[in-house]
Structures are given as C-alpha cells and as structure tokens.
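Chains as they are written, first to last, in the numbering used here: chain A, 1 to 387; chain B, 1001 to 1328.
Treat the hints with care, as some may be off.
DEER-style ranges, computed between Cβ atoms [unchecked claim]: (1) Trp357(A) x Ser1126(B): 42 to 52 Å; (2) Pro1083(B) x Gly314(A): 40 to 50 Å; (3) Ala376(A) x Pro1083(B): 26 to 36 Å; (4) Thr300(A) x Pro1184(B): 33 to 43 Å.
Hint data in this document are derived by calculation from the structure and do not stem from the laboratory.
Source: prediction; values computed, not measured.
Built from N, CA and C at the ideal position, the CB exists for glycine as well.
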Amino acid sequence: MNAVLAIAAKDLRQRLRDRSAIVLGFIAPVAVAALISVAFGSAGSFHADMAVVDLDGGPVAAGFTTFVKGPDLTNLLTVKSVTSEEDARAKVANGDLNAAFVIPKGFSEAVTSGQNLPITVLASVDSSIAEQVARSLAESFTAQIEAVQLSVQSAVRAGAPHASAGKLAAEASAVKLPEQTVTQPAGTQALTGTSYYAPAMGIFFMFFAIGFGARGYFLERTGGTLDRLAVAPIGPGTILAGKSLAIFVYAMASLGTVAVVTSLAFDAHWGPPLVVLVLILALALTMVGLTALVITVARTERQADGFASLLTFGLVLLGGNFVFIGGAPPLIRTLALLTPNGWALRAFTDLAGGAAWTAAVVPLMAILAFALSTGAVAYSLRRRVVR
Amino acid sequence: MTETTDRVPPSTTMSPGTNMLEAAHLSRSFGTRTAVDDVSFHVAPGETYGLLGPNGAGKTTTIRLVCGLLSADGGEVTVSGMPVRASTTTAKAQIGYVPQDVSLYPDLTARENLSFFGRLYRLSGSALRERVDEVLDLIDLTDRRDDRVESFSGGMRRRLNIGASLLHRPSLLVLDEPTVGVDPQSRHAILESIQTLGSAGLAVLYTTHYMEEAERLCDRIGIIDHGRLIAEGTSRELVSQVGEKDRITLSASGSLAAFAEACRSLEGIDRADLKDSSVQLLARDGRLRLPQVLEAATRTGTSVRSVEVDEPDLEAVFLHLTGTALRE
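Please construct the entire structure, taking both the sequences and the accompanying hints into account.
Structure (structure tokens):
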C-alpha cells in the first residue's frame, strides 16, 4: 500500500508542477463555467425591447397594442415608440429593439370583414429568442381574432341577425382562448444554463486526465523510470494501482473543484452533494479505465496523445457537453447514452431540476458499467508493465 | 574461426548457496532473432563480474533477464538462491539496478527522486530521510539536494542515477554501461565508487564495451558476442586461454644478431627477430623473462637503451575469439 501511495503521490506531484495540468484541470473549467454563467445569467428573466408600428389606426390594431402593453407581458417586454416602419427597421437592425410588429393598413377592416391580413414581425438575426417571442405573441393575437370570427359566423349561420354581429364579436373577444399547453419541469425547479454547462464543461475538462495519464505512462517508459519501478520489489499490479490512483484523484479533484466553485460562485445547481459526489467518483473511475484503454492501444507517447484527444472530443461531442442535448434530434439523444458523460449529464440535469436522488441510479449504473468494461482492459495492461 | 562459436560451459566454480547471482542457461529471442543464447555465469559476494561485448552483443538483454524486466524463454536467474521473475519481490529487493540511460524524474529534485525510490523499497520516516542524506553525501550531491534534476549536469545525473539504486543497500548491484556518454572526470569518479562498493562486499554485475573499464574493475569477465558467452575468466586467464604472448621490444646497439641468438635459447622465449636497431621477442610471461634477457645482452656485449613490454589485452582476446575488433 505504501508503494501504491508513493507512486500516486509522485505522479500527482509531477502533475501539479505541470502548469498545463493545472490550467486544464482546474482553471479552465472554472473560467469557462464563469463565462457561461455570465452568458446564461439572465436567461431566467428574459426581457426584450419591442415596438408596434400601427399603419392601420383601427380598433383591432389598437387592441393589439393594448395586448402587448398589457400587465401580463410587462415582465417580458417593454414596448417602445417608433415613428415609422423604417424607424422600426433601423432600430431592430442596430440593436436598439429586439423585435417590432408592423400592423398593415386596413388590418381592422379586414378582420371585421372576415379576411386575414398578417401582422409583420421585424426581428434581428441576433435575437432569435426575441423573434420567437414576438412571433408567438402575434400568432396568439391572430388566433384569438380567428376564434372570434369563427364564433360570429357560427352564430349568424345558426340564425342570429346580421345586425347583432358587432355585439356578438365584442362578447366573443371578451372570452379568452383556453391555455393549450403548460410547461412544468420534471423536478421542482427549472434547469438553468449554468446548471447544464457547469457539469458539461467540468466533465469535458476532466477528460484531459486521460491524456495526462497516458502521456505520463509513456514518458516513464521512454525515460527508463518504468524499468526502475519494475525492478523494485513491487508487483506490476502495484504500479498500475499507483498510477490509476493518481489519475482518479486528479480527475476527481478537477470535477469536484468545478462543482464547488460553480455552486458557490455562480449559483449552478448540481443536486444533492452526496449523490453528486458518487457520480463524480464514478466518472473519475471511468477516466482511469479510459486511460488504460489509451495506453493499451497506443505504442508511443505521440499516439497516446492522439488517441486521448480523439476519445475526449468524440465522447464530449456525442455526450452533449458542447450542445444542450435536450434540444438535439432523438438519434443524437440516444447516441449520447452510449457515453459515460452523456449518462452523467442526464443525471446532473435531472438532479439540478430537483428530481429525487433515485434519478441518478440508472445513470450511475451505466457509468460504472463503462468504467468496469474499460477496467477489464486495464487488467490486461498489467503485462505491458514488464515487456 | 570455429572458436568464435564455442560456448563456455557453465562455470565449474559455481556453488549454489554461496553465489549472490546465478544465471543458468538463459535464452531469449525476439521474433526470429536470438538475443541471448544459453548464457550462464555467476557472481559471488564482493566480486565484480563484467560482461564485455560490442553494442548489440546481448549485454542489455542479459541484464534485463537478470533483473526480471524480461522473462526468459529458457533458463533461470537466482539471487541469493531465490528465483527472479517479474512478479517476485523478495529476490528483487536485493537488486540495485542502474539503467544504461539516466532514469530519473527531471521535474523532481534530487531528494524527491531518492525518497520516491526509497519508498518503493519499503523505506519510510526517519530511516528513509537518513538514508537519502547518506546517499546524497555518497554521490556528492548534498548541496544540490533540493534542485530539480533537469538543472543537473550529465555527470551529476549519472551519479544520482547510481545513487537511486543504492538506497536500499542492495546485495547485488547491476550496472548497464553506466559510463556511456560521460566525461572522463565523471567516468573516473563513477569507476572509483564502483570499486569502493565492490570492495565493501557488494556483488557487482557490470556491462561495458570499454575494455579498459572491464580490466580495471572486474575480478572476472565474460565475453559476450551475438548473444553467446564465448569466454570467461580473469583478464589473465582470458589472455592465456587464447594463447596470446607478450611482445618485448629492446632498442639496442652492438652485436644485435648474437643477442637475438642468445635470446632464442632462453626458456620462455618463443621467438626473437631483428628489426632495424631493435630486437623483438615473443615470450610467455614477458616481464618474468626480463632479467635473463638483460643478462644475455650483457653477455653478448649489447647495450640496451630501452625496453618495452606489450602484454596482450582483452582487445586482442576479443579479436582472436571473434575475428572482429571490440569497437567495430
């Protein structure tokens, strides 16, 4: 046991003296998480500046303006005044407005005569969320109009006098369309961008432990120090255990640091600490197995570097560390579950959303299965210690 | 040339239980290439045994087999009577291994390197600290103990490389060409320290392709070529085994022909030739024949100005055995 600890301590000491290991293991993930936190910091309180260009001047157009300025939407948007459609276009283009509605001339008359004249939404390509919100508001309003039109037409066809159409329209417009969809998180709280990307980036940088571990092994082999270890009165298993322990501790410390810092400084939600710790330990174990896999396949330090990079970027791309996997096509979401990081992200997002700890059981089993299967390769690696 | 392929039979002086290292019938191939072919030798406590041979002769493979770094296709290695294999620990605890290349961690200090290797040999606490200080003192690196190895000169690295193998007080020190690429001053220091360790009772297995080192350091020498141990013995034994004779050159004036004729009749002188103003003799144990030769010069009225005795060396032995020079 003393020899295992000695090898692990030596490897970690070397790692800590390697600035790139410090940067990639601890500084970069925290820095990236901080950037993402800033980027997504306001995502929970979306607000946009919009304007209404009323070219119609009729009562229905006025109704739309009242609708977007209404109390239900004051938290979502601020409606600013513009002088013309050109003014609105210019302000959207230079970013003063996130979006603008243009109500065409004759809009009110078209509505009352049962025709459709669309509201135009002007939006910047840089404000895709604002564009979607504006489009939804316009569609919601026109859906209400269509419902009123349908109600009046049905009443007239049923025998109501044509003269009462105006009164019927006023009554129908007072009735709101029923809500068709209600969004609720699976847990008790919504998932924020920081809560997704903090573990995603933490796991991504954790993968660099593979490269460090594999490169360290080949450096020992070419430098002759592996021979010195092999001549010492310790078995090949002791050498492997010592080196594995170093990778395990480095990987665990890396992701653990990201978890603690992003939780405390950037309000990222990781889930119950104990469950998060168990997931981190399982992921660190997977890094050990993957490192062994790289060492088994590679023949030189350069090859090890290449394989480690390939494995790292392949798994993080597939697992959804760079893009929100929930928004990906079903095939990609299924492929993500072939990776340990994909399972880990699923567990962390569920836990961050307030799901019970049991939500982490299946992902944990999947991560451990991955670690064990790559660990089987590590077992065969013993023979390579003595060539 | 058939002599070059003859194998030396296992040493007749091998006595199980008393030798620190015994290598018996070691063989190892890499694919179709045989690197070590039925090699047997032993090293007693306090003895320095040299494996002498050119590059690629099989010295390093033999060393790796002895240290358990390679598994043998055939044969066995024992240290203190215990077999050495990759997984055995008791026998390996008695071996101090000095690799051919400097095998240290450049980003660690001298002290950290030694402490790490000491811990692998179950040293810990104050015992480890004291031993590290002793070794640093022994290799004269105490004042650089807290400097990283990457800042050391080549000679300092070589000394630390040896020091790392001495921490656990091994019974057998195995050195694989430890002076390759070393400046003369450091080489001298390394050879001196190995002589000291040998005289302190350590069994030493030393490989080299430098004939001078083998002659200076080794009590016995095994000459290895193409994976085979082709001769073994002390330096003198090896020379006498191949029948090489001493060459005595006398620069003289006077009746040189009479002097040469008188020398031919002396015991131990096999040949006497006149060459310009000198006489060249081929003799067995040349130095022992000098008094008789000088007496013959006086008797024949020859005035001797200088005498030079060339004893055949291992280079000549190797040339005789293999038909090639050692450094070819």
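Here's how the hints hold up against the structure:
1. Trp357(A) x Ser1126(B): 42 to 52 Å: Distance hint for Trp357(A), Ser1126(B) holds at roughly 47 Å.
2. Pro1083(B) x Gly314(A): 40 to 50 Å: Holds, at about 46 Å.
3. Ala376(A) x Pro1083(B): 26 to 36 Å: holds, 30 Å
4. Thr300(A) x Pro1184(B): 33 to 43 Å: Given about 35 Å between the Cβ atoms, the range holds.
Hint check: no violations occur; every hint is consistent with the structure.
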